[in-house]
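Throw the hints in and build the complete structure from the sequences for me.
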Amino acid sequence: MKTRQPSPSDYRERTYRDQIDVPDLVSFEVVCQETNLMIQAQRPLDAEALSATLSCRGEIEAYIRQFPAFATTLVPWPKTDFAPPIVRRMVDAARLAGVGPMAAVAGAISEYVGRTLLCLSDQVVVENGGDLFVKTNGPLVAALFAGISPFSMKMGIRVEDTKNGLGICTSSGTVGHSLSCGRADAVCVVSESGALSDAAATAIGNQIHSPADIDAVIRYGRQIDGVLGIIVVMETHVGAWGAVELVPLQGKKG
Numbered sequence: 001m002k003t004r005q006p007s008p009s010d011y012r013e014r015t016y017r018d019q020i021d022v023p024d025l026v027s028f029e030v031v032c033q034e035t036n037l038m039i040q041a042q043r044p045l046d047a048e049a050l051s052a053t054l055s056c057r058g059e060i061e062a063y064i065r066q067f068p069a070f071a072t073t074l075v076p077w078p079k080t081d082f083a084p085p086i087v088r089r090m091v092d093a094a095r096l097a098g099v100g101p102m103a104a105v106a107g108a109i110s111e112y113v114g115r116t117l118l119c120l121s122d123q124v125v126v127e128n129g130g131d132l133f134v135k136t137n138g139p140l141v142a143a144l145f146a147g148i149s150p151f152s153m154k155m156g157i158r159v160e161d162t163k164n165g166l167g168i169c170t171s172s173g174t175v176g177h178s179l180s181c182g183r184a185d186a187v188c189v190v191s192e193s194g195a196l197s198d199a200a201a202t203a204i205g206n207q208i209h210s211p212a213d214i215d216a217v218i219r220y221g222r223q224i225d226g227v228l229g230i231i232v233v234m235e236t237h238v239g240a241w242g243a244v245e246l247v248p249l250q251g252k253k254g
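Per our numbering, the very first residue in the sequence shown carries number 1; after that it's consecutive.
Don't take every hint at face value.
[Claimed, not checked] Derived CB-CB ranges, DEER-like: (1) 137 / 65: 21 to 29 Å; (2) 164 / 50: 19 to 27 Å; (3) 225 / 67: 22 to 30 Å.
Worth flagging that the hints you see were computed from the coordinates, not collected in a lab. Where a beta carbon is used, it is the ideal one built from N, C-alpha and C, also for glycine.
This is the structure:
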């Protein structure tokens, strides 16, 4: 079977989702406005997942209607005790990472939906634009999508222990629609918070402009409270730290 070289269009086509596979789980997709989730659970939970997505999006959108600047600021938002829980998680994560709160939105939604579904399924994987929330009974390998880097879709991110639930989020300065001020092909962060992983990946990615920056940005990322692991890819260079392992992806049988 031929191996096709990855291209930036893979992000739009979402073909990288084929590389997220947990045995014995069923896959289904939930789409709600800009939110496009690929979910794996022990049984189809489409209605429950859509309800959770509508709920958390509704809370975020209501807060933005009240405070429009929340949607556009690139700096941390003031701490608030009166916002909905998902907004508070975004605010707290963004403050730890030093970025605007919307840098945490995809990871926060993934975790919100995932933890809601854990009431109905012991194992859950929720992917939202490359940002994952995972809780499985064993090790997990997720594809590393890094644009046209030679590592893209050929290497996976292996995490041994997801029993408490993990956020595995990726930021890129070369592919995707999310804002990044850097030039990394991929910055992946692992933590026990989807919002924190998302915000930290953005913060780290903003600071990499050449392969020579990789060591420095990993040192920076290690100082963000709650970060458990980091992978940075730029062109033919890669750096990793913490509770993550890069492994070759096994080819699919066809």
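Going down the list of hints, with the structure as the test:
The hinted range of 21 to 29 Å is not satisfied by residue 137 and residue 65, whose Cβ atoms lie roughly 41 Å apart. As the Cβ distance of residue 164 to residue 50 is approximately 25 Å, the hint placing it in 19 to 27 Å holds. Checked against the given bound of 22 to 30 Å, the beta carbons of residue 225 and residue 67, roughly 25 Å apart, stay inside it.
When each numbered hint is compared with the structure, a violation occurs for hint 1 only.
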